[in-house]
Every structure is written in C-alpha cells, then in structure tokens.
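Chemist: Taking our numbering, I'd label the letters of the sequence shown as residues 231 to 528.
Worth flagging that the hints you see were computed from the coordinates, not collected in a lab.
Every residue, glycine too, gets a C-beta built ideally from N, C-alpha and C.
Careful, some of the hints might be misleading.
[As the list claims (entries may be wrong)] For each label pair, taking beta carbons as the anchor points, the in silico distance ranges come out as:
{"no.": "1", "residue 1": "L453", "residue 2": "T356", "range": "41 to 49 Å"}
{"no.": "2", "residue 1": "R455", "residue 2": "S321", "range": "17 to 25 Å"}
{"no.": "3", "residue 1": "Y247", "residue 2": "T385", "range": "54 to 62 Å"}
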Amino acid sequence: MTTRSDAHGGVIHDIGYRPYTGPRLGRRYATRSLYVQSLRAAFGLGRSGKSKVLPFLLLGGMAAPSLAMLAIALFTHQSKMPMDYADYLASFSVLPQIFLAAQAPVLMSRDLRHHVVPLYFSRPATRGDYVAAKFAAMSSALMIVLSLPLLLLFTGAMLAKFPVGDNLVHLLYGLVAALLYALLYSALGLLIAALTPRRGFGVAAIMGLLMITRALAMITDELSRGYDPTRGDESSWSFLISPSTLVEALVNRLFSLGDGSSTLLYAPGAAGAAVFLAVLLVLTAGGYALTLRRYRNV
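All chains, please: the whole structure from these sequences, using the hints.
Modeler: Okay, structure coming up:
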C-alpha cells in the first residue's frame, strides 16, 4: 500500500545535461562576428539568391566602365587614362548611393523590425559595439564598391605602361576620396535607416537625401554665378549642401586635380577646403553619435 509520503515524494532524473565549460570568447569576438555577419549581409551573402542580385549588379556597374577604359587605353595607345581616379568616383557616384540606400536598411532596419536588437545586448557586446560593427561593415562594403574600379584602372595603367609614380599617387588620391565617401555616406545612411523599421521608408529617405541635396547644390551654384561658365569662389560654397558635392569639391581642392577645370567642383580656396573638411568631419561624427544615441533607447 502506497504511503502518503511516497505519493508526494520527488524523483530526480539524470537527463545528461552539462553546463557549458568551453571558452568565453567575450566582447571583442562578439563585435567582430557582428561586423563579419553585417559585411556579408551587405552583399547578400548567406541569404537568398535574390538578395545578392542588386549589390553585385551595382558592384559590376561600378567596375564595367573601368574595364572599358582599360581596353581603350590598351588598344588605342593613349598616353594616359581617359579619366582620373577621383573623377571616376564623382562621375559614377549614383551607383554607390543606390548601394547605400538599398543595403543600409538591411543592416539596421531588419533587426528593428524583427525586435531582435535586445538579444545582441544580452551578450557581452554593448550598444556602442553594435553601432561600431554596423558602421565598420557599411564603410567596408562601400570601400569595396568604390575601390574595385580604381584598382582596375590602375591595373590598366600598368598594362599600358603608363608612368608608375604618377598613377600610384593619383590612385592614392582616389582611395582617399573613396574613404571619405564611405565614411560620410555610412554615417548618414545608417542614421536614417536606424530611425525606421520599414526598409522601404529607409531606402526612399536615404536616396532622397543624396539626390535632392545634390540637385539643390548644383542649382544654387548655377544661380549664384548667373549661369556664367566661370565658377567663382562665392558660388562654390553651395557645394556644402550635398554630401556628394562636399567630398568631390574637397578632394579636387586638396589634391589640385583637374588643373582648375570649369567642369569640376572645387572648394573655395585653402580656407574653404578647411571649412569643407570640418563640415565633413562634423557630419560624419554627428551621424555616428546620433545613431549611437538612437540605440541607447532600444
């Protein structure tokens, strides 16, 4: 006969559970893993085939003109490349802008939409680590998109036996321009993407900011000089309106590119270049700081 104590007695079953005894990889590993995962996501790697189409199409679109110029330089026996490295980035600037608008929401809005951001902070990674990893990943992705055609142009210059020293210096100018574009675009694009969980809104807002401000900058420049083909220093201040014209005018002035050509954009003199650089740094740091502040409330 079962006693009262037997009926209410507990039984402990050994189901083989063992606590984790492996190494605790810590905050640095978590941040590095988030960076790698975000960089892969920017190109659709690890996702469906459809997610890879646009980023690689834009990467190919940036590289294709440089391949055409490479072929022209080789088969027409030119003395130099048809276009300077930094000018190449300015001429095809719409493609990295589309890349930013399409992929920045992938890095930021998806986590907000699916409410998984707090899960990252349950690990050693902090909110600052999260924002830093995303910013580094977006900047790296843009650097890949911007630098690939420059390296192809340099390869073509070497195959065509153009002067090594001159092309190497101008390649470095182009890479500096690529870095400035990548940092400024990433700071602004990620900030906008972090403000909404809706990817479509993020894409439209980022593209609208870049396209509308450039149009305003060019219209203001034209009106300031009364459609005079000779651009003065006064009208050049209008290039502060747009992120793309800001970087373009700053790089051309810093490195004295284009020999003062009226078709290129320039910051207004040495003092103007200092102001342009200060504005670029403020926008980049400000965008990053506001993104960090946004995630303190998540």
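Chemist: With respect to the beta-carbon atoms only, verify the hint that L453 and T356 lie 41 to 49 Å apart.
Modeler: With a Cβ separation near 48 Å, L453 and T356 satisfy 41 to 49 Å, so the hint holds.
Chemist: For the range 54 to 62 Å, tell me whether the beta carbons of Y247 and T385 fit it or not.
Modeler: 58 Å, holds
Chemist: Cβ-Cβ distance between R455 and S321: within 17 to 25 Å?
Modeler: 22 Å, holds
Of the numbered hints given earlier, the model fails none.
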